[in-house]
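Start counting the sequence shown at 1; every next residue gets the next number (the working numbering).
Worth flagging that the hints you see were computed from the coordinates, not collected in a lab.
Mixed in with the good hints there might be a few duds.
[Unchecked claim] Below are the EDC-like pairs computed for lysine to aspartate or glutamate, each with C-alpha atoms no more than 16 angstroms apart in a straight line: (1) Lys73 with Asp92; (2) Lys117 with Glu147; (3) Lys117 with Glu160; (4) Lys117 with Glu100.
[Stated by the list, open to error] Derived DEER-like restraints, expressed as beta-carbon distance ranges: (5) Gly163 with Leu116: 22 to 28 angstroms; (6) Asp78 with Val32: 17 to 23 angstroms; (7) Asp33 with Gly163: 17 to 23 angstroms; (8) Glu160 with Ser2: 31 to 37 angstroms; (9) Leu116 with Pro51: 20 to 26 angstroms; (10) Gln152 with Ser2: 32 to 38 angstroms; (11) Val32 with Gln101: 32 to 38 angstroms; (12) Lys87 with Glu114: 18 to 24 angstroms; (13) Phe105 with Arg35: 20 to 26 angstroms; (14) Ser148 with Val102: 19 to 25 angstroms; (15) Gln149 with Phe74: 35 to 41 angstroms.
Backbone N, C-alpha and C define an ideal beta-carbon position, used for all residues, glycine too.
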Amino acid sequence: MSLTQVFLGLGSNIERETHLCAGLEALAGFLVDMRCSAVFESQPVGIKSGPFFNFVVSAFTDLPLMELDRRLKFIEADNGRYAPDRKGLPLDIDVLLYGEQVGNFDGLILPRAEILKNAFVLWPLSLIAPDRIHPGVGKSFATLWDESQIDQVLAPVAFEWRGQQLTPGHLL
1 MSLTQVFLGL
11 GSNIERETHL
21 CAGLEALAGF
31 LVDMRCSAVF
41 ESQPVGIKSG
51 PFFNFVVSAF
61 TDLPLMELDR
71 RLKFIEADNG
81 RYAPDRKGLP
91 LDIDVLLYGE
101 QVGNFDGLIL
111 PRAEILKNAF
121 VLWPLSLIAP
131 DRIHPGVGKS
141 FATLWDESQI
151 DQVLAPVAFE
161 WRGQQLTPGH
171 LL
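Build the full structure now, drawing on both the sequences and the hints.
Given below as structure tokens:
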């Protein structure tokens with residue numbers, strides 16, 4: 001079976017390092033050639049909560065889109081996402097791009113609209129895949145970031161996974 005490149009957005013505002021590292025470990029079990037963007041702290045959008053850590057993962061998968069999405073929901077559940085008594089958002093993993101797919105796939109709309117709306121998605125995408133073309137807009141992520149007028153403050157943060165620093169020193 002052929003591999004499809006995927007881009008996933010990850011975020012957490014509760015025990016951020018713990019849940020994001022747990023999410024990465026789970027993803028590493030079934031994705032190949034995983035690469036992580038820098039990690040950013042951002043204020044919440046759409047919910048009242050503490051600040052988030054957000055970043056983007058690029059990887060390849062042989063899973064069909066809906067199976068990938070199902071596995072992401074299991075990882076979120078394992079980290080308390082759907083617990084009735086949770087406070088905040090322990091782990092959120094969204095499919096941002098799945099190959100060049102564009103459209104509504106059983107309620108999963110690709111490319112994800114948040115790419116163009118949220119700095120905590122677009123900036124990491126522009127860093128990890130600057131020359132990649134947004135399949136719905138036809139511009140590179142670097143160009144989209146340069147042209148963006150998104151009014152959100154992001155702060156790069158030091159973040160380590162498997163002994164590797166994800167945020168380069170020049171951003172800190």
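Between Gln149 and Phe74, does the C-beta distance stay in 35 to 41 angstroms?
-> For Gln149 and Phe74 the Cβ distance comes to about 37 angstroms; the hint holds.
Restraint status (C-alpha distance of Lys117 to Glu147 at most 16 angstroms) | holds (12 angstroms)
Is Lys117 within 16 angstroms of Glu100, Cα to Cα?
-> violated (19 angstroms)
Taking 20 to 26 angstroms as the hint, is the beta-carbon distance of Leu116 and Pro51 inside that range?
-> holds (22 angstroms)
Supplied distance hint 19 to 25 angstroms, evaluated on CB atoms of Ser148 and Val102 = With a Cβ separation near 20 angstroms, Ser148 and Val102 satisfy 19 to 25 angstroms, so the hint holds.
Supplied distance hint 22 to 28 angstroms, evaluated on CB atoms of Gly163 and Leu116 | The hinted range 22 to 28 angstroms is violated for Gly163 and Leu116, with Cβ atoms some 34 angstroms apart.
How does the Cβ-Cβ distance of Lys87 and Glu114 compare with 18 to 24 angstroms: does it lie in that range?
-> Cβ of Lys87 to Cβ of Glu114: about 23 angstroms, so the range 18 to 24 angstroms holds.
Mind checking the hinted window 17 to 23 angstroms against the Cβ distance between Asp78 and Val32?
-> At 21 angstroms between Cβs, range holds.
Assess, step by step, whether the Cα of Lys73 is no farther than 16 angstroms from the Cα of Asp92, and give holds or violated.
-> holds (9 angstroms)
CB-CB spacing for Gln101 and Val32 relative to the 32 to 38 angstroms hint = violated (19 angstroms)
Between Phe105 and Arg35, is the Cβ distance one that fits in 20 to 26 angstroms?
-> At roughly 24 angstroms between Cβ atoms, Arg35 and Phe105 fall inside 20 to 26 angstroms, so the hint holds.
Hint says 31 to 37 angstroms; check whether the CB-CB distance for Glu160 and Ser2 agrees.
-> Because 33 angstroms falls inside the window, the suggested range holds.
Of the numbered hints stated above, those contradicted by the structure are hints 3, 4, 5, 11, listed in ascending order.
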